[in-house]
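Chain by chain, the residues run as shown.
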Amino acid sequence: MDDPMAQSEPSLSTLQRWMQSVITHPAGVTAGIDSEAARNEIDVAAEEIEQVITRSRALDSIGRLQVYGNAYYARLLDCLSAEFPTLRHAAGEEAFGAFCFGYLQQHPSTTYTLTQLGAKFPQYLAETRPARVSADGQPDWMDFLIEVARLERLYSEVFDGPGEEKLPLLSAERLTAIPRESWPLVRLTTVDSLRLVEFRFPVHEYITSVKKGESPSPPDPAPTRLAINRRDYIVRRRSLPPLPFELLRSLRDGLPLGEAIERAVRHADCDPDDLPAQLRGWFKALTTNGYFLAASLRDHLGDPEC
Amino acid sequence: MTEPRLGHPLLGLGVGLRSVHYPFLLEHEPAVDWFEIISENYIDSQGRPRYVLDQIAERYPVVMHGVSLSIGSSDPLDFDYLGKLKALAGEINARWVSDHLCWTGVAGRNSHDLLPVPLNETVLAHVVDRIRIVQEVLERPLVLENPSSYVTFAASTMPEWEFLTRMAEEADCGLLLDVNNVYVSSVNHDFDPLEYIENVPHERVVQCHLAGHTNMGTHIVDTHDGPVIDPVWNLYAHAHRLTGGMSTLLEWDSSIPSFPEVHAEVLKARQVISREPHGDVTQETAPDHGAAKSEAVPHPAVFVTAEAE
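Line order of the protein sequences matches chains U and W. Under my numbering, the residue at position 46 of the first sequence is numbered 54, and the numbers go up by one with no gaps. Under my numbering, the residue at position 245 of the second sequence is numbered 289, and the numbers go up by one with no gaps.
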């Protein structure tokens with residue numbers, strides 16, 4: 009399209025790039041007007057700003073631009089606070105605000121939706137974290153905060169992502185009806201909403217406690233394996249021991265049941281004598297939790313369901 | 045001759061659908077004329093927001109109101125976004141699709157604010173061109189809202205009502221007349237709100253918005269966080285008389301009270317339109333002191349919080 013502003017005036021794109029630079033400048037609109045980015049667009053000093061932005065009877069031009077400047081970070085901080093309430097609780101208002109302020113400068117929104125605003129926040133926290141003080145390999149306070157952010161982001165993704173509410177899930181009865189001789193070759197299709205994640209802190213319990221309005225102490229490190237899915241449009245999380253977690257991960261990765269069990273047993277280091285009973289119990293629990301959509305005897309489309 | 049409301053039905057008195065009210069709405073199915081949704085909260089949703097919307101759309105007329113079209117931006121239009129708007133509008137039988145006369149960002153960024161455009165001939169031509177493209181994609185007339193704004197540009201050459209009027213007529217689109225925004229901008233930019241209301245093309249006003257705001261003393265911020273003030277109701281009464289009736293919707297986006305309280309606020313319009321327009325439309329309300337001073341932030345887009353165990 010042709011330049012939508014007259015020759016004597018800055019073009020619309022120039023004016024908009026200038027205004028965006030000014031109102032999103034981290035040091036405020038006056039610093040924004042004087043910034044290189046803004047002056048590359050419209051070379052006007054703060055004291056000459058009425059050449060671009062007119063004043064009102066009650067407010068000068070800088071004050072008027074400040075309404076947008078103040079609102080920009082405040083609005084997006086509110087959105088990140090809504091998505092990461094437990095991180096905010098754990099880090100405290102000031103540190104959380106500083107995290108967000110840095111993040112928004114490095115990762116400004118580039119989509120039409122606010123649901124993507126926090127997508128890179130956990131990654132940003134991990135990339136910009138201070139160096140660990142201790143050399144013993146133990147996770148520290150920042151590791152805890154990053155894990156809280158990771159789980160809160162996962163909750164958002166699962167909450168509004170694909171789900172299975174309108175699909176029939178694989179029932180425990182249907183699973184146990186599969187002939188015993190077929191079991192090693194059976195592949196189980198896991199639900200789209202399923203996420204399997206490992207943490208070094210029991211962050212799920214901390215998040216739930218904060219959500220209830222409690223003031224929990226930050227937990228001690230403890231290996232934590234979570235299966236997260238969505239049922240009835242609510243995000244569910246279950247902490248799993250090593251055996252079912254590895255089993256579920258192998259099945260999600262497409263391994264047939266026989267291989268999945270072998271891999272899970274190797275990882276989980278469980279008592280072989282106790283294994284059949286454990287597996288029966290866990291398959292019932294995993295199925296009841298709604299992690300499986302279907303069972304089939306081959307790995308490509310068109311093969312018979314069990 | 046243009047039909048009143050561009051031929052759209054008069055839906056009555058509606059409320060903006062917000063996630064805090066989902067449980068109440070599903071449980072009580074209150075008698076409400078219609079709902080307006082924030083389009084961006086639903087066009088990608090595969091979870092509870094979309095599930096609730098489907099229930100609502102089965103029971104009530106629904107209108108889609110967007111905050112990211114950025115019709116006034118110099119960036120290219122986002123055709124992926126437009127495609128999603130069109131798809132959702134078809135799926136929920138949206139009565140119309142609206143957004144704002146504004147830009148939300150440039151150079152690929154989104155401020156999630158509704159930023160004003162300079163009001164002059166060249167920007168008018170730019171906006172009209174883009175509205176035509178959007179209408180071709182959506183295969184329906186677009187309805188655009190006058191934004192509340194806090195700056196005016198030296199490059200502007202006409203009042204906002206004239207820009208809106210010419211835009212609507214040249215692009216053959218509808219208008220969403222936000223009378224609270226007219227009031228807010230009239231205080232912020234020292235113009236007569238009644239002159240604005242009297243001069244917009246009344247037959248193109250499909251819908252009206254009402255909301256509360258925060259008076260900062262030197263300016264007003266469109267915070268959508270309280271009841272509608274009397275001067276705005278008086279403006280509404282004038283607009284209702286001039287247009288012959290507009291589908292009317294209350295927006296409440298911050299410090300949101302219970303659904304019955306929000307609904308009761310918009311139902312006040314029944315009393316307002318049953319009387320002859322009277323009263324001051326320019327009366328300034330007292331500044332809101334205290335916490336509001338530092339916290340007055342307009343939230344055109346609303347974040348939907350995840351529900352987890």
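No wet-lab data here; the hints were simulated from the structure. Any given hint could turn out to be false.
Derived BS3-like pairs (lysine-lysine); straight-line CA-CA distance at most 30 angstroms [to be verified]:
1) W:K312 <-> U:K220
2) U:K174 <-> U:K219
3) U:K220 <-> U:K128
4) W:K128 <-> U:K174
5) U:K292 <-> U:K174
6) U:K128 <-> U:K219
7) U:K128 <-> W:K312
8) W:K130 <-> U:K174
Hints broken by the structure, by number, lowest first? Per hint list: 1, 7 violated.
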